[in-house]
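One-letter residues, chain by chain:
Protein chains: 2
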Amino acid sequence: MKKGEFGLIDFIKSHTTVPEGMMGIGDDCAIIKGDVNDTIFSTDMLLEGVHFLRTKASPEDVGWKSAAVNLSDIAAMGGEPTATFLSIALPSDAQGEWAERFVEGYAEISRLYGVPLLGGDTTSSLRDIAINVGVMGSCERGKALLRSGAKVGDTIFVTGTLGDSGAGLKALLADLDNSREEVSYVVSRHLRPTPRIEEGLALSRTGLVGAMMDISDGIASDLGHILRASGVGAEVELQSLPISPALEHICQCEGWDKYTLATAAGEDYELLLTAPEEVAEMVDFPLHPIGKIVEGKAEIRWLKEGKEIEFNTKGFTHF
Amino acid sequence: MKKGEFGLIDFIKSHTTVPEGMMGIGDDCAIIKGDVNDTIFSTDMLLEGVHFLRTKASPEDVGWKSAAVNLSDIAAMGGEPTATFLSIALPSDAQGEWAERFVEGYAEISRLYGVPLLGGDTTSSLRDIAINVGVMGSCERGKALLRSGAKVGDTIFVTGTLGDSGAGLKALLADLDNSREEVSYVVSRHLRPTPRIEEGLALSRTGLVGAMMDISDGIASDLGHILRASGVGAEVELQSLPISPALEHICQCEGWDKYTLATAAGEDYELLLTAPEEVAEMVDFPLHPIGKIVEGKAEIRWLKEGKEIEFNTKGFTHF
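Chains A and B, in that order, are what the protein sequence lines are.
So the mapping is simple: my numbering equals the position in the first sequence, first residue as 1, plus 1142.
So the mapping is simple: my numbering equals the position in the second sequence, first residue as 1, plus 1142.
Treat the hints with caution; some may be incorrect.
Copies of the same chain are indistinguishable here, so a pair counts whether it falls within one copy or spans any two.
To be verified - Computed cross-link-like contacts, DSSO-like style, restricted to lysine-lysine with a CA-CA straight-line distance of at most 30 Å:
| no. | residue 1 | residue 2 |
| --- | --- | --- |
| 1 | Lys-1198 | Lys-1155 |
| 2 | Lys-1400 | Lys-1312 |
| 3 | Lys-1175 | Lys-1285 |
| 4 | Lys-1449 | Lys-1439 |
| 5 | Lys-1198 | Lys-1312 |
| 6 | Lys-1400 | Lys-1439 |
| 7 | Lys-1446 | Lys-1293 |
| 8 | Lys-1446 | Lys-1312 |
| 9 | Lys-1434 | Lys-1285 |
| 10 | Lys-1293 | Lys-1434 |
Don't read these hints as lab results, they were simulated from the structure.
Work out the full structure, taking the sequences as your base and the hints as a guide.
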């Protein structure tokens, strides 16, 4: 449980006692200590009209994404997914073809990552589609990568380009022509995010990662969680943010600000991590350095070409 | 995943591969084999307007029941609950007091059964409240009590009175006077069901239980699941069904049929099990024998005073 909408999370925390050997609210997954491996668990709810629109996403895409965003939470801990659980409430007009195509998209990503769907619940809904996915995973005992491990001097890395998903959402809402290559690319990054499972496992094996999480709300918001959990500050260089050619192109054509998209639009589901610089040479996929962990208040100092700038970002808000 | 609404479950099953060492769709919980203990998991979704009405249930009651019906699935396997996970989507008019009172009810039963709430998700909803609870538990390796273990000659037992919850729902919908003792009793059985965790664990320890599940849809439907999973038939004696004095009374006053309520209204969340007769002497709580497992088709023969009768029941349908 990580999103603090309407302050309810704090109220829940004040009503919860977490036993010895467990970790609850406040990271990408909960942790239940085991003898050999720890069990980790995360869950996310997706609602029609809030998280997706039936007019903008195919049922297969919604199925894919429902599983993907949960698998991404397992990746964020450096864990291995074990199984998923799907609850779905369907209004009568979605109980036939929509539901089956949804399951096909869900099954596609489940097969790709070798994660079985082991259970769930199906029910009728009066109006909107409601989906909840839970995912169970495992980590070597005590080795889950938390948000609280960032150390002064660590480099801040991300595993892929930022802002594509946000641009994809804007493109969908603006009905941009999907036959344009750059549009089609960012839309697919929005509808079919890639959970960085292998990358998370490889990063965990280096033993060097300080803090890690996945980027669901944008680094402006998400890095803030790491800084507060770790009690450190950060400097982020806007020029270092990895921006895809497609995002460069679409931002030029549409007059969108690539830095706002890359920092605040969210839903990229890349991994955001802190580690000594040399970690980048220990893995066989690109790690993009975007800044440094520094002493000081749990705030991001934004730099452009090395000079501090005023840069106001607002976290991603659902449409 | 156990409810087969609109045939989606079968479609999901046909798109799922369950690895060696796991058990998926088809029982009260999924099972993931471990070295010492097996991990079990179940999840249930509750929607406003489908599973509860804000005008008929207090937020505390909805919170209690959301956790209770999931804990009951752990009880149904003879397992011990480890942790729960709560996803909740709230429209703006439920984000303040309603949500906090919901959490208080949820926390109350969580404390009572010593089960921590370890995570979840909170989000906004456009209209209705949507709740999903997941519960993790554990069973001694290979000892989870399944629906498939009923043996010819077993006695069929239930752990408590049947039909109270269904009468409680009817009383709520008919706005019966809640100061009447019998009304207040059945309403509280509907709004605050008791998960039979200790009973399930004690029954598991006897080593004698063949099949077990919890009663969510009524025995007419639920016993059918055991019969189909086990490939056996059953005889159930209506006169043996445990009926509370409150249910007797309210049925007399209102002209309701106690047998229909006891067999088909559901949501009693008592345990339904099959075992040799002597199991009743091995536990320190009442076990009510209601019939026998017999050879033959996976159907229930209904008896009244030992004579077979025609008895049409329909499973519980949501309002």
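Now the hints, each set against the structure:
1. Lys-1198 x Lys-1155: between (36 Å within a copy, 28 Å between copies)
2. Lys-1400 x Lys-1312: Cα proximity of Lys-1400 and Lys-1312: one copy only (12 Å, versus 58 Å across).
3. Lys-1175 x Lys-1285: both (10 Å within a copy, 21 Å between copies)
4. Lys-1449 x Lys-1439: Only inside one copy: Lys-1449 and Lys-1439 sit 19 Å apart there, 80 Å across copies, limit 30 Å.
5. Lys-1198 x Lys-1312: Answer is within: at 11 Å inside a copy they meet the 30 Å cutoff, but 42 Å across does not.
6. Lys-1400 x Lys-1439: Answer is within; shortest intra-copy Cα gap is 27 Å, inter-copy 67 Å.
7. Lys-1446 x Lys-1293: This pair counts as within: shortest intra-copy Cα distance 23 Å, inter-copy 74 Å.
8. Lys-1446 x Lys-1312: within (25 Å within a copy, 66 Å between copies)
9. Lys-1434 x Lys-1285: Result: close within a single copy only, 23 Å intra versus 51 Å inter.
10. Lys-1293 x Lys-1434: within (10 Å within a copy, 66 Å between copies)
In the structure shown, no violation is registered for any of the earlier numbered hints.
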